[in-house]
Every structure is written in structure tokens, then in C-alpha cells.
Amino acid sequence: MIETTFPRGFALRIRPWLGIAAAASFAVASVMALAWAPTDAVQGDVYRIMYVHVPAAWLAYLAFVVVFLASVGWLWSKRPWFDAAAVASAEIGVLFTGLALVAGSIWAKPTWGVWWTWEPRLVTTAVMFVMYVGYLLLRSLSTDFDRRATRAAILGVILVLDVPIVHLSVLWANSLHQLPTVLRAGGSPALDSAMLLTLMVSVAAFTLVYLYFMSARVAIELSRRMTIWGAAGAQPPRLP
Amino acid sequence: MTGLARVGLVASRELSAERRQPDGAVAAVTFVAVLVLLESLVVGPSRARDATVAAALFWIALAFAAIVVAMRSFDRELDDDALDALVVLPGGRDALFGGKVLALAATLGLVALVGGVLSLVLLDLPLALPVHVVLVVVLGVVALAPVVVVDVVLALRLRARAALVPILALPVLVPQLVSATQGAAAALTGDATAALAWSGILLAFALVYGVVGLTIVPAAIE
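Taken in sequence, the protein lines are chains A and B. Mapping of the first sequence onto this note's numbering: position 128 corresponds to residue 128, and the numbering continues sequentially without gaps. Mapping of the second sequence onto this note's numbering: position 24 corresponds to residue 24, and the numbering continues sequentially without gaps.
If you're looking for bench data, these hints aren't it; they were derived computationally from the structure. Watch out, some of these pointers could steer you wrong.
Claimed, not checked - Cβ-Cβ distance ranges computed for the label pairs, FRET-style:
(1) B/V131 / A/V65: 55 to 65 Å
(2) A/W17 / B/A82: 52 to 62 Å
(3) B/A85 / A/P16: 30 to 40 Å
(4) A/S77 / B/A85: 39 to 49 Å
Said to hold, decoys possible - Sample of chain A residues at the chain B side, in silico, Cβ under 8 Å:
(5) V130
(6) G134
(7) L136
(8) S142
(9) R151
(10) L155
(11) I158
(12) V160
(13) L161
(14) I165
(15) L168
Every residue, glycine too, gets a C-beta built ideally from N, C-alpha and C.
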């Protein structure tokens with residue numbers, strides 16, 4: 001059988017360092033975003049919301065792709081670590097999708113003149129948010145561990161189809177939302193180099209925060225399960 | 001017996017159960033008919049005659065009707081303890097999923113026929129390209145069925161599942177609802193190219209969810 005476990009001792013050892021790295025990079029990213037990056041010639045300082053909005057949206061994509069991979073891992077191997085990773089990533093993904101929506105809305109008010117408008121990127125992102133709230137709801141309504149994990153895994157596989165729809169919606173339909181400026185199909189990023197560097201540092205900082213949250217949340221989920229199995233007097237499965 | 005024959009057997013069994021006790025289909029037809037009747041009252045007669053508005057309401061009504069029919073179908077299995085017997089048969093889960101999807105598509109076809117005729121007559125809609133309208137409706141129904149059955153299966157035997165299934169199904173159905181609405185509106189107003197393009201998206205959607213459903217969903221049937 002393919003070894004699909006995660007080295008638990010290694011995760012425990014690196015978590016404090018991951019936390020320190022996340023906090024430090026977050027501090028650097030904040031200084032760069034608020035003080036170092038130049039003011040935009042057209043939008044003024046309001047564009048700086050991008051340094052929260054874009055990394056939050058990136059993390060939402062990342063988190064939901066991880067839900068998909070962990071779901072496939074559970075369906076393939078039935079190892080509890082994969083289910084714990086799926087629920088952890090889904091919760092973080094919902095959190096950051098909500099943050100991306102709120103940050104986008106705060107940016108939209110001075111730029112577009114409205115908090116919300118019915119355009120494809122916004123609507124598909126909101127739909128993605130609702131989908132994963134439904135995913136968490138499905139989990140919360142199931143009590144049996146194996147059944148809950150299997151049902152959630154199937155939904156996790158299905159829901160990932162929305163991620164490319166959200167990303168490509170600005171290309172498929174007439175959209176008020178800005179077209180991709182970093183991950184462009186043809187050519188280099190359409191962004192000032194200082195702005196691009198700040199954005200990359202922000203994305204890296206958010207990704208480290210995600211990894212820290214993941215390691216902590218997965219550990220909580222696994223220990224919760226061990227407690228439940230212990231209370232039920234059952235033999236707990238071997239955890240990674 | 002081949003897998004396809006088992007699927008056909010489950011579908012025909014499902015349809016005969018629906019014929020004997022057609023509460024799901026009757027509820028769905030009534031629901032769609034009430035929505036068509038309410039439409040011109042709610043949005044006004046001139047806006048109700050707009051092909052896009054009429055098509056949007058029709059497909060949203062059909063999506064809810066699909067949920068009603070699919071949930072009633074699984075309720076019937078649970079009431080009779082028939083599900084437990086079916087899933088222990090060799091290939092029973094796959095056949096159950098495939099058969100339910102086929103039967104739901106057939107029932108929805110009937111609901112769509114009644115709702116469509118009512119919409120055309122009562123709202124006095126244009127019918128520029130009848131064959132294209134039929135194509136969009138058939139593909140729209142085929143795309144609707146696997147997603148709804150998937151979500152009903154995932155919520156099987158859970159408390160609050162009547163609320164959970166629409167929450168799970170409707171966001172996933174957004175591409176289907178958009179394509180079916182735009183395709184039907186294009187066919188009604190005479191835009192053949194757009195109607196065919198949207199039909200292609202519906203076909204792709206149906207294939208993706210049909211294949212994903214058949215591959216992994218049977219594991220959740222218990």
C-alpha cells in the first residue's frame with residue numbers, strides 16, 4: 001500500500017517555527033503593503049486592500065484544492081488524517097473566502113460606487129462560499145465518523161469543480177471585475193514591480209498562516225477523534 | 001445481468017412505483033404549475049413574457065421539483081426498508097444511483113413538458129425554434145438529475161435533510177441553471193447558435209456529474 005500518512009512528530013516539531021515564520025512574514029507584508037508599496041496613480045491608497053483581498057482569494061482556492069486532494073486521499077485509503085485535513089482546510093477556506101468577499105466589497109464601494117454588484121466573479125465566489133458552508137453543514141449533521149467522512153469526501157471532490165469556474169469567470173463573461181493581473185495567460189504580470197513584490201510577500205505570508213492553521217486544526221481534529229474513540233471504549237485506528 | 005441491465009431494472013422499478021403512487025410527480029407538477037401561474041402576478045404580465053425571465057423561473061422551479069421528486073423517491077425506499085436489500089446485491093449501489101438518475105430524468109421530463117406547455121400558453125411566449133427548445137429542455141433535465149440524486153444520497157438518513165439538500169444542490173446547479181436559462185431563452189427568441197452553444201455546456205455538465213456520480217457516489221449509499 002502507498003504510504004499516505006503524514007509524519008506527525010515532524011508536524012509537532014515544526015509548528016512553533018511555522019507560527020513564528022507566519023507572524024514574521026505577516027509583519028513584513030503589512031509594512032510593505034501599508035508603507036513601502038507605492039500609491040496607485042488612479043485608485044490612490046484604496047488599492048492597498050488588494051494585499052489582503054488577493055492573498056485571501058488565493059488561499060480560498062488553495063484550501064479548496066487541498067479539500068479535494070484530502071477527500072481523494074480518504075476515499076482511497078480511509079486514513080483519518082485525510083479527513084482531518086479536509087475539514088481543517090474547508091474551515092480555513094470558508095474563512096478566507098469570506099475575508100476575500102468582505103475585502104472586495106470594501107474596495108468596491110469607493111471604486112465602483114457599490115458594496116456589491118451582480119457580476120460573474122463576485123457571484124461565483126459567493127456561490128463557492130455557500131457551497132463550502134453546505135459542506136461544513138453536511139459534516140455537522142452526521143454523527144457516524146466513517147459515513148460522515150465518506151459523504152464529505154464525495155462532496156469535496158464534486159465542489160472543487162467550482163474553483164476553475166470562479167477563476168475563469170472573468171474571462172468567460174463580460175465582467176466588471178479586474179482581469180487576472182498576475183496569472184495571465186499570455187505575458188508577464190501587469191503590475192508595478194514594487195507592487196508585485198509586495199503582493200508576492202503577502203501571498204507567502206497568508207500561505208504560511210494557512211499552513212500554521214492547518215497543522216493546529218488537524219492536530220485538534222485528530223486528538224478529538226482519539227478522545228471520542230477512547231470514551232466509546234473502541235480500539236482507535238492507528239493515527240499517523 | 002450486466003450493469004446497464006441492472007440500472008434499467010432499478011429505473012423501471014422506480015417508474016412503476018411512481019406510477020402506482022405518483023405523489024412525488026404530482027407534487028412537482030403542481031409546484032411548477034403554481035410558479036408559472038404566480039409568475040405574471042409577481043413580476044407583471046409584460047416582464048413575465050420576457051423569454052429570459054420565463055426561462056429562469058421555469059428552471060428554478062424545475063430544480064426544486066427535482067429535489068422534491070428525488071427526496072420522495074428515497075423516502076419511499078426508506079419507508080419500505082427496500083434500500084438495505086438493494087445495496088447488498090452485487091452492483092446494487094451503482095445500479096441504484098444510475099437507476100434513480102434515469103427515473104428522475106424521465107419524471108422530470110414529464111414535469112418539464114407540463115410546465116413548458118403551461119408557460120408557453122399562459123405567458124404567451126414566442127416559440128421561434130421548437131426543436132432547439134426541446135433539445136435544451138432534454139439536456140437541461142439530463143444535467144439536473146445526477147446532481148440532485150448525488151445530493152439526496154449524501155444527505156440520506158440525516159436529520160434536517162429537507163433543508164440540507166437544496167443548500168447542497170442549488171449552488172452546484174448554478175452552471176446548469178445559467179446554461180439552461182440562456183439556452184431556452186435563445187431558442188425561444190430564435191438564436192440557434194446560442195441555443196446550441198448552451199446545449200453543449202449542458203451536455204458537458206451532465207457528462208461530468210454523471211461520470212463523477214457513477215464513480216464515487218455509490219460508496220455513500222448505505
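Quiz prompt | Hinted contact A/I165 with chain B - closest CB pair below 8 Å | solution = holds, 7 Å
Quiz prompt | Hint check: 8 Å Cβ-Cβ cutoff, A/G134 to chain B | solution = holds, 5 Å
Exercise. Determine whether the Cβ-Cβ distance between B/V131 and A/V65 falls within the hinted range of 55 to 65 Å.
Key: Hint violated: Cβ distance 41 Å, outside 55 to 65 Å.
Quiz item: Should the interface hint for A/V130 be scored as holding, given a Cβ-Cβ cut-off of 8 Å against chain B?
Solution: This hint holds: A/V130 lies near chain B, its Cβ roughly 5 Å from the closest one there, short of 8 Å.
Practice problem: Go through the hint on A/R151 and say holds or violated, using the shortest Cβ distance to chain B against 8 Å. | Solution: holds, 5 Å
Exercise. So, A/V160 near chain B? Judge it on the closest CB pair being under 8 Å.
Key: With a minimum Cβ separation of about 10 Å from chain B (threshold 8 Å), the hint on A/V160 is violated.
Quiz item: Is the interface hint for A/S142 satisfied, with its Cβ closer than 8 Å to some Cβ of chain B?
Solution: holds, 6 Å
Quiz item: Minimum Cβ distance from A/L161 to chain B below 8 Å?
Solution: Constraint on A/L161 satisfied, holds at 7 Å.
Quiz item: Given A/L136 as an interface hint, is the shortest Cβ-Cβ distance to chain B below 8 Å?
Solution: Not OK, violated: A/L136 not within 8 Å of chain B, min 11 Å.
Quiz item: Does the interface hint hold: is A/L155 within less than 8 Å of chain B, judged Cβ to Cβ?
Solution: Constraint on A/L155 satisfied, holds at 6 Å.
Quiz item: Hey, does the A/L168 contact hint survive, CB to chain B under 8 Å?
Solution: violated, 12 Å
Quiz item: With 8 Å as the cut and Cβ atoms as the points, is A/I158 at the interface with chain B?
Solution: holds, 6 Å
Checked against the numbered hints listed earlier, the structure breaks hints 1, 3, 4, 7, 12, 15; every other hint is satisfied.
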